[in-house]
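Asks: Going down the list, the protein sequences come from chains H and L. Read in order, the letters of the first sequence are residues 1 to 248 in this note's numbering. Read in order, the letters of the second sequence are residues 1 to 259 in this note's numbering.
Please note that the accuracy of each hint is not assured.
Result set (DSSO-like, lysine-lysine): computed pairs, CA atoms no more than 27 angstroms apart in a straight line [as the list claims (entries may be wrong)]:
1. K47(H) to K6(H)
2. K227(L) to K111(H)
3. K248(H) to K133(L)
Label-pair restraints from in silico Cβ distances [claimed, not checked]:
4. T115(L) to I145(H): 17 to 27 angstroms
5. W3(L) to R122(H): 51 to 61 angstroms
6. V239(L) to R59(H): 48 to 58 angstroms
7. P193(H) to W3(L): 13 to 23 angstroms
By construction, these hints were calculated from the structure, which means they are not laboratory data. Given the structure is predicted, the values throughout are model-derived calculations rather than measurements. Every residue gets a Cβ at the ideal spot worked out from N, C-alpha and C, and that includes glycine.
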Amino acid sequence: MKINLKVWRQKNNKAKGELKDYKVDHVSPDMSFLEMFDVLNEDLITKGDDPITFDHDCREGICGSCSMHINGRPHGPLAGVTTCQLHMRSFSDGDTIVVEPWRAGAFPVNKDLSVDRSAFDRIIASGGFISVNTGNAQDANNLPIGKEQADEAFMSAACIGCGACVAACKNASAMLFVSAKVSQLALLPQGQPEAKMRVMAMVNQMDAEGFGSCTNTGACSAECPKGIDLSNIARMNREFFSANLLGK
Amino acid sequence: MNWISTFLKSSIGKKLLMGLTGLFLCTFLIVHLTGNLQLLKHDGGLAFNTYAVFMTTNPLIKFVSYGLYAIILFHAFWGLYLVAQNRKARPVQYAAYDGKANSKWSSRWMGVLGTIILAFLVLHMWNFWAQYKFGTVPYTQYERNLATGEVSFSPFTGEIKGKMEKFVDNQSGLEITIVKDLYIVVADGFKAGWLVLIYIISMAALSFHLVHGFSSAFQTLGVNNKKYNALIQNIGVGVFGIIIPILFAIMPVYFLFLN
Numbered sequence: 001m002k003i004n005l006k007v008w009r010q011k012n013n014k015a016k017g018e019l020k021d022y023k024v025d026h027v028s029p030d031m032s033f034l035e036m037f038d039v040l041n042e043d044l045i046t047k048g049d050d051p052i053t054f055d056h057d058c059r060e061g062i063c064g065s066c067s068m069h070i071n072g073r074p075h076g077p078l079a080g081v082t083t084c085q086l087h088m089r090s091f092s093d094g095d096t097i098v099v100e101p102w103r104a105g106a107f108p109v110n111k112d113l114s115v116d117r118s119a120f121d122r123i124i125a126s127g128g129f130i131s132v133n134t135g136n137a138q139d140a141n142n143l144p145i146g147k148e149q150a151d152e153a154f155m156s157a158a159c160i161g162c163g164a165c166v167a168a169c170k171n172a173s174a175m176l177f178v179s180a181k182v183s184q185l186a187l188l189p190q191g192q193p194e195a196k197m198r199v200m201a202m203v204n205q206m207d208a209e210g211f212g213s214c215t216n217t218g219a220c221s222a223e224c225p226k227g228i229d230l231s232n233i234a235r236m237n238r239e240f241f242s243a244n245l246l247g248k
Numbered sequence: 001m002n003w004i005s006t007f008l009k010s011s012i013g014k015k016l017l018m019g020l021t022g023l024f025l026c027t028f029l030i031v032h033l034t035g036n037l038q039l040l041k042h043d044g045g046l047a048f049n050t051y052a053v054f055m056t057t058n059p060l061i062k063f064v065s066y067g068l069y070a071i072i073l074f075h076a077f078w079g080l081y082l083v084a085q086n087r088k089a090r091p092v093q094y095a096a097y098d099g100k101a102n103s104k105w106s107s108r109w110m111g112v113l114g115t116i117i118l119a120f121l122v123l124h125m126w127n128f129w130a131q132y133k134f135g136t137v138p139y140t141q142y143e144r145n146l147a148t149g150e151v152s153f154s155p156f157t158g159e160i161k162g163k164m165e166k167f168v169d170n171q172s173g174l175e176i177t178i179v180k181d182l183y184i185v186v187a188d189g190f191k192a193g194w195l196v197l198i199y200i201i202s203m204a205a206l207s208f209h210l211v212h213g214f215s216s217a218f219q220t221l222g223v224n225n226k227k228y229n230a231l232i233q234n235i236g237v238g239v240f241g242i243i244i245p246i247l248f249a250i251m252p253v254y255f256l257f258l259n
């Protein structure tokens with residue numbers, strides 16, 4: 001396959017970026033999207049050009065590092081996959097593909113396609129945890145949790161924090177991410193003691209980072225590689241109302 | 001009390017205000033539609049004109065109507081403010097953005113649809129509310145035969161106190177109503193095809209606005225439960241997206257062809 005690329009190049013956080021054209025020949029349909037970029041970068045390095053910076057780590061769809069906005073959609077055209085799990089067989093010979101970084105004020109561009117997602121880390125640090133004494137883990141059966149409850153919490157916990165929700169949202173809102181992180185603890189007994197503090201702190205931090213607010217378009221959930229459901233946002237709203245109206 | 005302002009200034013508090021005012025306006029639409037459907041009665045406008053007098057003289061309704069104006073303005077301008085805020089959250093736009101791949105058109109264009117509705121409301125208030133309140137509106141005398149229920153009407157040229165006088169003439173068995181005739185203002189107004197077209201387009205905008213807005217308000221309120229989601233969705237699309245805008249749109253079309 002021959003692929004034409006329009007890739008966002010930006011030297012650093014301050015520099016002005018632009019879309020640059022590249023041609024990649026000898027692309028195998030079995031290559032992943034990132035492997036196609038590896039081939040292009042090899043070529044650029046051989047020519048003495050600056051290779052394209054992009055985030056990646058596990059390349060198994062579980063770490064949440066890769067973050068490419070491909071032809072107008074985060075993680076490209078397939079549902080339920082990250083960029084590393086997208087293969088070139090999803091494209092046709094001769095296609096022109098536009099590749100941009102996640103666009104959000106709260107996600108400043110580091111370089112090229114790599115963005116700084118530490119806003120997510122600060123949101124987690126503000127309250128996305130439970131405080132427990134150190135020592136041996138207690139026996140799991142001491143704390144009975146219903147299967148359905150556990151499954152629901154697990155569905156929320158499946159969020160890998162890649163930021164595709166923010167990238168897809170027309171308002172660059174982080175509510176799907178934050179709501180998943182609120183929900184995974186709100187659904188379990190371990191999360192209860194700090195539930196009210198948690199949701200207040202995390203929503204405050206989310207607002208302070210400059211993310212937009214949710215208008216319920218559902219784009220986040222549709223593009224989420226882990227299929228995090230919109231019901232998480234409704235749950236976060238309930239938790240937030242209850243913390244504000246009923247909390248101390 | 002500081003917690004209230006902190007709560008309402010948060011991103012979730014801000015959208016709660018949008019959702020609550022939006023749902024209030026949905027209930028208003030039902031009341032407004034029920035009243036306006038009196039226009040379609042074949043009584044020369046007697047029922048509609050009586051209703052118009054009630055709506056503009058009843059103290060409780062007057063009180064609620066001022067609240068309504070305030071809420072309409074708040075919902076409109078708060079919405080525009082939030083659109084502007086949300087645009088700031090993405091200072092650099094995408095070169096390629098495929099919105100239709102992951103969300104419905106109506107959900108992405110709420111601000112534009114709402115602005116069309118706001119512009120329509122200004123026109124609508126000018127067409128009827130301002131004419132009724134400040135313009136020269138003729139009076140009509142209706143004579144309803146109490147035995148048969150038949151209604152006849154003719155222009156009234158004298159003077160009465162207030163907007164309506166109603167009495168029964170026992171000799172002839174007629175109930176006589178002399179009333180400020182908003183019906184004729186409506187009927188005359190919709191002789192203009194271009195105005196009817198604007199009204200139809202505005203109702204289409206209202207339809208798309210509510211297809212997203214009604215169910216979205218429930219999501220914002222935290223109501224998202226598989227038990228009720230289908231019901232909320234169906235009411236949002238069926239009642240507020242289809243039935244109500246179509247019934248509203250029928251009125252100008254009815255008068256266009258009646259004339």
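Asks: Looking at the structure, which of the earlier hints fail to hold?
Replies: 2, 3, 4 and 5
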